[in-house]
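Q: The residues making up each chain are set out below.
Number of protein chains: 2
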Amino acid sequence: MIRRMRKQKNSVETAETLARGQREISVSEFFLKNRHLLGFDNPRKALLTTVKEAVDNALDACEEAGILPEVSVDIAQTGESRFRVSVTDNGPGIVKSQIPRIFAKLLYGSKFHRLRMSRGQQGIGISAAGMYGQLTTGGATQILSRTGAKARAHSMSVHVDTRRNQPEVLKDEECDWLPQFFAAAPDGAAAEPATYSHGTCVSIEMEAAYVRGRLSVDEYLRQCAVVNPHLQLHYRVSLLSRETVKAAEDDDTGIPAPAPEEGWTTRHRAVNAAPDLPREIKPHPHGVELGMLMQMLKDTKARNLRSALHQDFSRVSNAVALQICSDAGLEPNARPSRIATGEIEALYNAISRAKLMRPPTDCLSPIGEEAIEAGLRKEIGADFYTAVTRAPAVYRGNPFQIEAGLAYARQGSGNKEMAADDSARLMRFANRVPLLSMAGACSITKAASGVNWKAYGLPQPRGSLPVGPMVILVHMASVWVPFTSESKEAVAHYPEIMREITFALQECGRRLSAYLGKRRRQDEAERKRNYMELYIPHLALGLKEVLDLPDREEEKIVSQLRTILDRTHLQI
Amino acid sequence: MIRRMRKQKNSVETAETLARGQREISVSEFFLKNRHLLGFDNPRKALLTTVKEAVDNALDACEEAGILPEVSVDIAQTGESRFRVSVTDNGPGIVKSQIPRIFAKLLYGSKFHRLRMSRGQQGIGISAAGMYGQLTTGGATQILSRTGAKARAHSMSVHVDTRRNQPEVLKDEECDWLPQFFAAAPDGAAAEPATYSHGTCVSIEMEAAYVRGRLSVDEYLRQCAVVNPHLQLHYRVSLLSRETVKAAEDDDTGIPAPAPEEGWTTRHRAVNAAPDLPREIKPHPHGVELGMLMQMLKDTKARNLRSALHQDFSRVSNAVALQICSDAGLEPNARPSRIATGEIEALYNAISRAKLMRPPTDCLSPIGEEAIEAGLRKEIGADFYTAVTRAPAVYRGNPFQIEAGLAYARQGSGNKEMAADDSARLMRFANRVPLLSMAGACSITKAASGVNWKAYGLPQPRGSLPVGPMVILVHMASVWVPFTSESKEAVAHYPEIMREITFALQECGRRLSAYLGKRRRQDEAERKRNYMELYIPHLALGLKEVLDLPDREEEKIVSQLRTILDRTHLQI
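Chain order of the listed sequences is A and B. Quick note on numbering: the working numbering labels position 344 of the first sequence as 344, and the sequence is numbered without any gaps. Quick note on numbering: the working numbering labels position 14 of the second sequence as 14, and the sequence is numbered without any gaps.
To be clear, the hints were calculated from the coordinates, so they are not data collected in a lab. Check before you lean on any hint, since a few could be wrong.
[What the hints assert, rightly or not] Below, in silico cross-link-like pairs of lysine to aspartate or glutamate (DMTMM-like), each with a Cα-Cα straight-line distance of 20 angstroms or less:
id : chain 1 : residue 1 : chain 2 : residue 2
1  : B       : Lys33     : A       : Glu496
2  : A       : Lys96     : B       : Glu24
3  : A       : Lys446    : A       : Glu526
[Unchecked claim] Chain B stretches covered by chain A per the calculated footprint, using a threshold of three residues with CB under 8 angstroms from any CB of chain A:
id : segment
4  : 216 to 222
5  : 322 to 336
6  : 444 to 458
[Said to hold, decoys possible] Covered by chain B, according to a simulated footprint, are these stretches of chain A (three or more residues, beta-carbon under 8 angstroms):
id : segment
7  : 59 to 68
8  : 131 to 142
9  : 528 to 536
A virtual CB, placed ideally from N, CA and C, is assigned to each residue, including glycine.
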């Protein structure tokens, strides 16, 4: 048997020649080549992803600084398949030294390492958008930022050096702080100039396509307004030719979103308080794996095991820490870094056995039932609205919280978007961010289709969403949303998450069922009343003839019968 | 209106405090937290992914070095939910200095930057497996490697320092080269010791679960043998208790794979020649985007534009390069690094307009029709086999090639796996690697369901795979397979790829249809023949009586009638 191949036209490698080919791959190169993983599959999605990343960052920054957010999104067509996206906020601004890395370095940010709910979590998004712009047009990401009334504004242009995943600064100058929309905002924004003395504007030109429909920027911003009722949003789309606008090819719903108006349009805020700022928490011991525990003991600043357990984890009191140590057969005063691998395993098992309170939940900032209802009322024309915020729960040691909302339109209320014989529309959100794509892969869709809506009086094809003139909203808030991909479009199928979504939707369903029942009874009574009212004059005429009453009496009888009918009606 | 929020229990951030929280995120930390993206969602999948990554690397290394691969996979249960996976190959070995980075640094490798078909492409897989083992057990990745008969073998243990994405060497010693399976291989492997004087063995302990069924390691290795008929594979599973084995929960097929035998089992190779080593190519100009073109002109070693175009791209002759320059209005002798941004755009447009040959295709190494048939015959018991290798095609500038195979079993051939009333089984492969999960998201599934199988005589529910006792195989070979996620389980939906898959399957379908037609005619003739044969003795008896023939004549008539019948049968 010939086990060595014949010498081929191509040179055969040896361990040594193979070694020479080995190279480090920068994370920028990796995601540039795999940019579909980040939501830059095609020009249409690239535009949406860019707006999404920029708006997410703007909202996170405003909320962290305790500022009621006012954000403008300006999309301007610059060529047949080119657009410039500019997003401006009234947030705290960014100190100059951080600008290059925040906008032109992948995997850089403040949100990855902390356990606190925020829209961004990876430190990839906005730099990836800039990198995509750079790839398709050669242009740079432009940033204008000012940190306060007394600070100078900075204008910078940055490129990603993809070979090294490092920012390259092309322009860096002090300048005036005059973002376009502050003047243009029709809301009289200039009335309170203090709020607008700071902020950030990011602007990227890229190969893109502006489309309408369910997977469009329009729809994204609209849903954004639903779950961020405290957001004041200005939006403008300037096209070279308005005839080029169409729905996305993969948008099979056939429902066009409202055409963008010329010039700025504003979505006003519905509530005047920003959400509570969530608190950062420490990891819960039951969510920590063995290797992570080793790393934490190696890195801890605590001087002994007991205080390492107490300080570095949530829900471990001194007493619990001592009990865990004794259960593991370890000395509470041992130096954390000196504990042997085998002992850490004993410690890990002792932690697993320990009874602990669930993780604290002030790391979450749910939207709240009132605000969800307000958001739905603002954006969705319907007759019945309800919302449910569940108590926090835990998956893999991570606290999370599910909220659901429902808007139901009476038939014939003229809402083209909600037809009685269409499937209900499902709006999915994670940490207040709308999820538009990949609905089929998302646990929210799966849970919503799994609810038995027939029990609440709605037709439902097997394994599908119910049919009816309604919108279902589901929001997952968590310190770490388990997305199925870096482009953050679908939530992974954890049973704990699915269960909470199901419970929230069942509660909404019961309320809808009560409303539908009441409405059905009202309609029934109305029908009866109309029917009887028809006969009252004839009845009165008959009585008049039988009893030989004067005309005046007849009128009196009619009026009395009406009163009786009204009273009965109320009791039906 | 109060635009500033009330001071909350949590401190509000400013640009300065926000800046202090900014940090670089190492790619190891990123994928550790997002390990489901790499195929480490759960213990069952972790085991499969680890075997897959190790076997892929072993096969790539052997083929690059021109060695017929012999690989052993040893899975040993070490605790209730712990396993040690060891994979050994007879490849070229790895030089000592490269071992730590290859096995304990994410995004490091030789395959990412070159355009040549290989199983690995990202430089993540095996280090991620080690990192998962480290996280769940605290253990290190152990490597044993020897580069040839005269070299010393090295034994190393490495950890990933996840904070820095750098390897940490825990053990490093010279030792004897005695991987377990060389002695154990029942094939008399020791007969040719030269081939076994080198190779690599990687061993990782991890939290895992061994299951059976369609998403199991067993099935993976079996499919691996189908598309790598030149692979000699040894496999052993040692369990603490054999009762624990069950099918994966998400394996809804209900068809158990064969139980693993005690001790080593071997899948012998079916062909004794390794595939042709594909050649590395340069990027095709039509697949290069503007930003990439800028980068290439900046990095080129060529001294002028003309030779940069000629040397750094495929299919650009000197004449074509000159024509592109003149079309773009650029000087062919210009220094590439001195060309301005606007000029590069003109160049980019000129390149788009240029008529160029399609990319070269010797960068691909298809399996080949013969080898696919041999692989199917080896692993799938059926009656009809066929295979099609399409000519190479191009998507986004990347050459690719589609192959398809089909195995059809006569009903009642006793193959439990292929029932007549089940959907056909679809085996998906990319660069000779079986894809087991995420079938629904894969363009191969979509294309195979889109073929009109009814035209070939098979029942087919709308939008689904055909129904019948058969296995469909599709292989995509490319210099860059566009996977939908880092875990490389599904191919993205490029129209060019879908089209090629459809054509390949249609050809298989036509051949199957011809076979089924012939078989149907044969069955029909057989039935007729049996029917007539039944009457021949009666006919002869009648003739004998009518013509008053002797017994001997009757026998002669029977025999003559049989002969006539046989002859007619052949013509039916």
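Q: Each of the hints needs a verdict: does it hold here or not?
A: Hint check:
| no. | hint | verdict |
| --- | --- | --- |
| 1 | B:Lys33 to A:Glu496 | holds (19 angstroms) |
| 2 | A:Lys96 to B:Glu24 | holds (17 angstroms) |
| 3 | A:Lys446 to A:Glu526 | violated (39 angstroms) |
| 4 | 216 to 222 | violated (count 0) |
| 5 | 322 to 336 | violated (count 0) |
| 6 | 444 to 458 | violated (count 0) |
| 7 | 59 to 68 | holds (count 6) |
| 8 | 131 to 142 | holds (count 5) |
| 9 | 528 to 536 | violated (count 0) |
Hints 3, 4, 5, 6 and 9 from the list above are not met by this structure, while the remaining hints are.
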